[in-house]
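Enquirer: Single-letter residue listing:
Number of protein chains: 2
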Amino acid sequence: MSAIPQDFIDRTARLSEEITRPFPNSRKIFVEGASPDIRVPMREVSQAPTHASTGVEDNPPITVYDTSGPYTDPQAEIDLLKGLPALREAWIEARQDTERLDGPTSEFGRARAADPELAALRFEHIRAPRRARPGLNVTQMHYARRGVITPEMVFVAVRENCRLQEMRADPRYAKLLRQHPGQPFGACIPDEITPEFVRDEVAAGRAIIPSNINHPELEPMIIGRNFRVKINTNIGNSAVTSGIAEEVEKLVWSCRWGGDTLMDLSTGKNIHETREWILRNSPVPIGTVPIYQTLEKVNGKPEELTWDLFRDTLIEQAEQGVDYFTIHAGVRLPYVPLTADRVTGIVSRGGSIMAKWCLAHHRENFLYTHFEEICEIMKAYDVAFSLGDGLRPGCVADANDAAQFGELETLGELTKIAWEHDVQVMIEGPGHIPLHMVKENVDKELEECFEAPFYTLGPLVTDIAPAYDHITSGIGAANIGWYGTAMLCYVTPKEHLGLPNKQDVRDGIITYRIAAHAADLAKGFPGAQVRDNALSKARFEFRWEDQFNLSLDPERAREFHDETLPKEAHKVAHFCSMCGPNFCSMKITQDVRDYAAKQGISEQEALEKGMQEKAVEFVEKGAEIYREV
Amino acid sequence: MSAIPQDFIDRTARLSEEITRPFPNSRKIFVEGASPDIRVPMREVSQAPTHASTGVEDNPPITVYDTSGPYTDPQAEIDLLKGLPALREAWIEARQDTERLDGPTSEFGRARAADPELAALRFEHIRAPRRARPGLNVTQMHYARRGVITPEMVFVAVRENCRLQEMRADPRYAKLLRQHPGQPFGACIPDEITPEFVRDEVAAGRAIIPSNINHPELEPMIIGRNFRVKINTNIGNSAVTSGIAEEVEKLVWSCRWGGDTLMDLSTGKNIHETREWILRNSPVPIGTVPIYQTLEKVNGKPEELTWDLFRDTLIEQAEQGVDYFTIHAGVRLPYVPLTADRVTGIVSRGGSIMAKWCLAHHRENFLYTHFEEICEIMKAYDVAFSLGDGLRPGCVADANDAAQFGELETLGELTKIAWEHDVQVMIEGPGHIPLHMVKENVDKELEECFEAPFYTLGPLVTDIAPAYDHITSGIGAANIGWYGTAMLCYVTPKEHLGLPNKQDVRDGIITYRIAAHAADLAKGFPGAQVRDNALSKARFEFRWEDQFNLSLDPERAREFHDETLPKEAHKVAHFCSMCGPNFCSMKITQDVRDYAAKQGISEQEALEKGMQEKAVEFVEKGAEIYREV
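Protein sequences appear in the order of chains Y and H.
Here the UniProt record's numbering is used: the first residue of the first sequence is 1, the next is one more, and so on.
Here the UniProt record's numbering is used: the first residue of the second sequence is 1, the next is one more, and so on.
Derived by calculation from the structure, the hints in this document are not laboratory data.
Keeping only pairs whose Cα atoms sit at most 30 Å apart, straight-line, the calculated DSSO-like set for lysine-lysine is: (1) H/K439 x Y/K175; (2) Y/K439 x H/K439; (3) H/K439 x Y/K444; (4) Y/K444 x H/K175; (5) Y/K439 x H/K175; (6) H/K502 x Y/K502; (7) H/K444 x Y/K175; (8) Y/K269 x Y/K82.
Input sequences plus hints: build the corresponding full structure.
Expert: Structure (C-alpha cells):
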C-alpha cells in the first residue's frame with residue numbers, strides 16, 4: 001500500500017494539461033556546452049513565412065530563455081512521486097569533495113524522518129544528504145576563486161547567450177539582431193557570455209549561481225548585474241490556507257510562466273515535508289527564510305528563539321537542498337528604535353521577529369553574532385546568502401530612511417565576512433520607494449555591498465493601489481533592474497490583500513518578466529531585442545499566430561484577440577478589430593513599401609523623381625486591395 | 001412618440017448602479033472658488049478612528065481629485081436624454097465675445113440636422129452652436145495673455161490644490177502632509193496653485209485648459225507639466241463593433257475610474273450623432289481626430305481627401321463642442337520615405353492616411369499648408385491643438401529615429417504659428433520606446449516645442465507582451481510623466497489584439513492613474529503623498545475598510561481581500577490572510593510602539609536605559625495578545 005496521498009497520485013496524471021502543455025509552435029531544444037553532459041534547455045518558437053508581393057520570405061525560428069524545466073517537454077516523463085532527474089549528480093560526484101551522509105544530521109530532520117505519522121505526507125525517494133568532506137568548501141565561489149570552471153558555470157554561460165552566436169552567423173537574423181545601444185549605468189556586459197566570464201564574475205562576488213549540492217535536479221542559472229535580469233516568485237501556505245499538493249502545483253506553474261527562482265515561504269504545519277516535495281520537483285533554485293520554521297519550533301514566540309535551534313534548522317534545510325537562505329542578520333539592536341517614528345514600522349516578517357528577539361533580550365541579533373558559524377554551514381552545502389532587509393520600508397513615506405540604510409551598511413559588512421568564507425551572497429532590497437528615490441538604493445547597495453547582486457522586492461512606487469500592486473511594483477522593478485538590480489522579487493495583485501491564486505501568480509510573473517526584459521533592453525543586453533523585433537515584424541505583417549507565439553503569454557494574447565474576432569479566418573486577415581478591414585494603418589504602410597519594392601526603386605527615389613502618376617496608380621490599386629480582404 | 005431609441009431610455013434608469021454608485025465612505029463635496037458660481041467637485045473619503053492602547057485617535061477625511069462628474073453624486077439628477085447641466089454657460093455668456101448661431105454652419109452638420117432618418121439617433125436637446133464674434137478670439141490662452149483670469153482658471157487652480165491649504169492649517173494633517181522632496185527635472189511647481197499661476201502658465205503655452213465654448217457641461221481641468229499629471233482614455237466604435245449607447249456608457253465608466261479627458265475615436269456610421277451624445281453627457285474634455293471622419297466622407301479613400309472637406313469637418317465638430325483636435329500636420333512629405341526601412345513603418349492611423357495622401361498627390365500635407373486657416377477655426381471656438389505624431393514608432397526598434405524626430409521639429413514650428421494666434425497647443429508623443437531612450441523624447445519635445453505640454457501614448461518599453469500592454473506602457477508612462485509629460489494616453493490590455501471591454505478600460509485607467517500618481521510623487525507635487533500616507537497608516541493599523549476606500553479601486557481591493565477572508569469580522573481583525581493571526585509583522589511592530597508609548601518613554605530611551613526585564617514583560621504580554629485575536 002502506498003503511503004503517498006491520493007491527491008498526489010491523481011495530480012501526477014493531471015499535470016499534463018493546463019500547467020504543462022507545450023507553448024504553441026514551440027519545441028524544447030537542448031544546446032550543448034563544452035561536453036555532451038551539459039545540455040541547456042531552451043524553447044524554440046517557429047514562425048510562418050512572410051507572403052510579400054515580392055515573393056515568400058522565410059522567418060527564422062526564435063530561441064527564448066526557458067525556465068519551465070522538463071514540464072513543458074513532451075518527451076519528458078513527469079512523475080512528481082519520483083521527482084526530476086538529478087542532472088547535476090555526476091558533476092557533483094566528479095568533484096570528489098563531498099560525501100554522502102547516512103541520513104539527515106539535523107535533529108529536526110532525523111525526528112521527521114523517524115516519525116511514522118508523517119509517512120502519508122513524506123516524499124518517497126529521499127536521497128541521503130551530501131555534505132562537503134571535512135575542511136573542504138564546495139561553493140561555486142570557491143571553485144571560481146581557484147580558477148575552476150564548473151559545469152554549472154558552462155551551463156549558465158550557454159543559457160545566457162541563448163544561441164546568440166549562432167544567430168550572428170546566420171544571415172537570416174541580420175535585421176532581427178539590430179539593437180539600440182544600452183545605458184548600463186556601470187554594468188559591464190560583454191558581447192558574449194563565456195564560461196570564463198561567468199567564473200570571473202562569481203569569483204568577484206558580482207554574481208551567484210545558487211546551487212546546493214543537495215539539489216541536483218536544478219537547471220543552473222546565474223544572478224548578477226552583468227547577466228539577464230532574473231525574477232523570483234514566492235509560494236507558501238500559511239496557517240489560514242493551502243496544502244502540499246497545491247504548493248507543488250504552484251511551483252510548476254511559476255516555472256511555466258518564467259519564474260527564475262522560487263521562495264518557499266510556508267509557515268504552516270509540515271513545512272519540512274512540503275519543502276522536500278518542492279525541491280525534488282524543482283528545476284529552479286529554491287530559497288527559504290529559515291527563521292520562519294525556527295519560529296514554528298518555538299510555537300511562534302520570538303523571544304524563545306535560540307541560536308541552537310536556528311542552527312539545526314539551517315542544517316535541516318541545507319541537507320534537503322535549499323539553494324539560498326534569507327538571513328536577517330542586519331537587523332541590529334541599535335537600528336530597531338530608528339523605526340519607531342515610521343508610518344509603517346517594521347513590515348518584514350523576518351525583520352520583526354528578530355527585532356522582537358533583540359528587544360526581548362536586549363541583546364544583539366544572534367544571527368549577527370553567529371554569522372561566521374552560519375558561513376561554515378553555508379559553505380558545506382553551497383547555500384547562498386540572501387541577506388535580508390528586515391528594515392525595508394513598508395510605505396513610500398519610510399523610504400530611504402536611517403533604519404533602512406543603516407541595515408544596508410551592516411549587510412555590506414556581512415558580505416565581506418561571507419566572502420572570506422567564499423560563500424555566495426546577494427543582498428535584499430526594498431520595498432516601497434517613490435520613483436525618483438529608486439536609483440539611490442542601487443547606487444548605495446553597489447557601494448556598500450561591493451557590487452554583490454541586488455535582489456529587490458518591487459519596489460512599489462506608490463501605496464495607493466492595492467489590488468494592482470503587481471503594477472505599482474512592476475514600474476519600480478523595471479527601473480531598479482535597469483539601474484543594476486540583478487533579480488526582482490515579484491509581487492502579485494493580491495499583495496497586501498490576500499493569498500494569490502494561480503491567475504494572480506501568472507499576472508505577477510508576466511509583469512515581472514516585462515520589467516526584467518525592459519531592464520535588459522535598457523542595459524543593452526546582447527540579443528535582448530531579437531524577440532521584440534521578431535514579434536513586431538510579425539505584428540506588422542499580420543502574422544497573428546506568430547505574434548501570439550512570440551509573446552510572453554501566448555495563451556492570453558490569443559484569448560484576448562479571439563474575444564473580438566474569434567474566427568480562425570481572422571488570424572490570417574490583414575486587419576484587426578481595432579480599425580476594421582478598410583481602415584488599417586499597417587496595411588497602408590505595407591502597401592507603400594510593396595509599391596516601392598515593385599518599382600525596383602526606393603521610396604526616396606520615387607519621391608525624388610516626382611513620380612506622381614505612378615503614385616496615384618498605386619493608391620488606386622491599394623484601395624482595391626483593401627476592399628478585397 | 002419619442003424618437004429616442006428605447007435602449008437609451010432603459011439605460012437612463014440603469015445608470016445608477018454599477019457605473020454610478022458612489023464610492024464607499026465617500027461624499028461629493030464642492031469647494032468654492034472666488035465666487036459662489038465656481039464650485040469645484042471633489043471626493044472626500046472619511047476614515048475610522050484609530051484604537052490604540054493610548055486611546056482613540058481621530059483620522060481626518062482625505063480629499064481626492066474627482067473626475068467622475070455628477071455621475072457619482074447621489075444628489076444629482078442624471079438624465080442622459082437631457083445631458084449634463086451647462087455649468088460654464090454663464091461664464092461664457094458674461095465674456096460677451098461670442099454669438100449664438102442659428103444652427104450649425106458646417107455643410108455636413110446642416111445635412112445631418114435636416115435628415116429625418118436620423119431622428120431616432122439624434123440627441124434631442126441640441127443647442128444652437130456658439131462662435132466668437134467676428135474678429136474676436138475666445139481661447140483661454142488669449143484671455144491669459146491679456147492678463148485676464150477666467151472662471152475656468154480659478155476652477156482648475158482650486159481643483160489642483162485639492163484643499164491643500166485647508167489641510168496645512170489643520171493640525172490633524174500634520175503627519176499626513178510629510179512628503180519627500182521631488183526631482184522635477186526642470187518643472188517649476190509652486191507650493192500652492194493660484195489662479196494667477198494658472199493664467200501665467202496658460203499664457204506661456206506651458207499649460208492648456210481644453211474648453212470649447214460649445215462644451216459648457218465641462219468641469220475644467222488643466223494639462224501642463226507644473227500641474228498634476230493627467231490621463232486620457234480612448235473610446236470609439238469601429239466598423240466591426242459597438243453602437244452609440246455603449247459609447248456613452250464607456251464615457252461614464254471612464255470618468256468614474258479617473259480618466260481626465262477622453263478621445264472619441266469612432267470610425268463607423270453615425271459618428272456625428274454619437275459625438276453629440278458623448279459631448280452633452282461629458283464632464284471631461286473630449287478630443288477627436290477629425291481626419292477619421294473626413295475619410296469616412298470620401299468612402300475611406302485617402303487620396304480623395306480635400307482641404308475643403310476637412311475644413312467643414314473641423315467646423316462641424318467645433319460647433320458640437322469638441323475640446324481638442326488631433327491634427328497630423330507634421331507628417332510632411334519629405335519625412336515619409338524615412339519610414340521605409342522601419343520594422344513597423346507608419347502605425348498611426350492619422351499618420352498613414354496623410355502619408356498616403358502626400359504620396360498619392362506628391363504634394364505637401366494639406367494640414368501643414370493650411371495650418372493658419374486651421375488656427376482661425378480653433379480660436380473661434382477655443383479648440384486646442386493636439387499636434388499628432390503621425391510618425392511615432394510602432395516598435396522599440398523604430399524608436400527615436402529620424403522620421404519621428406523630424407516630425408517633432410515640425411510640430412515645434414507649428415506650435416509657434418498656433419501661439420501667434422493664441423491657440424492652445426499640446427504635442428503628441430510616442431509610442432514604443434525602450435526605457436533608457438524615454439527621457440530623450442521629453443527633453444527634445446521641451447526644447448523643440450518650447451515647453452508646450454507633452455501628451456504621450458505610453459510609451460511601451462517592450463513589444464513582447466501583447467495582452468499586458470497596459471503594463472508595458474504603464475512603466476514607460478510613469479517614467480515619461482516623471483520627466484515632464486503633462487498627460488498620458490492610456491493603453492488597455494487589449495492593445496494590438498482587440499477592442500477593450502469595460503474591465504479592460506478599468507484596468508487601463510487604474511494603471512495610468514498609478515503611473516500619473518507615481519510621476520506626481522517623483523516630481524514632488526505638493527500634497528501628492530497625503531493619500532499614500534493615509535492609506536499606509538490605515539494598512540498598518542489594520543483599518544481594512546479605510547485601506548480599501550482610500551485606494552484607486554476600492555471595489556476591487558475589497559473583492560480581492562474577500563476572496564481569501566470573506567467574513568465581515570476579518571475586516572476588523574488585526575491580521576490578514578498572508579501570515580495568519582499568530583505571525584504578523586505589522587502586529588509585532590505595533591506592539592513595540594504601543595509598549596514604548598505606555599512606558600512614557602521612547603524606545604530609544606528604553607534601550608539606552610537597558611530595560612531588559614520590562615522588555616521581556618512586554619513580549620510576554622504581546623504574545624498573549626496575539627493569541628486572543
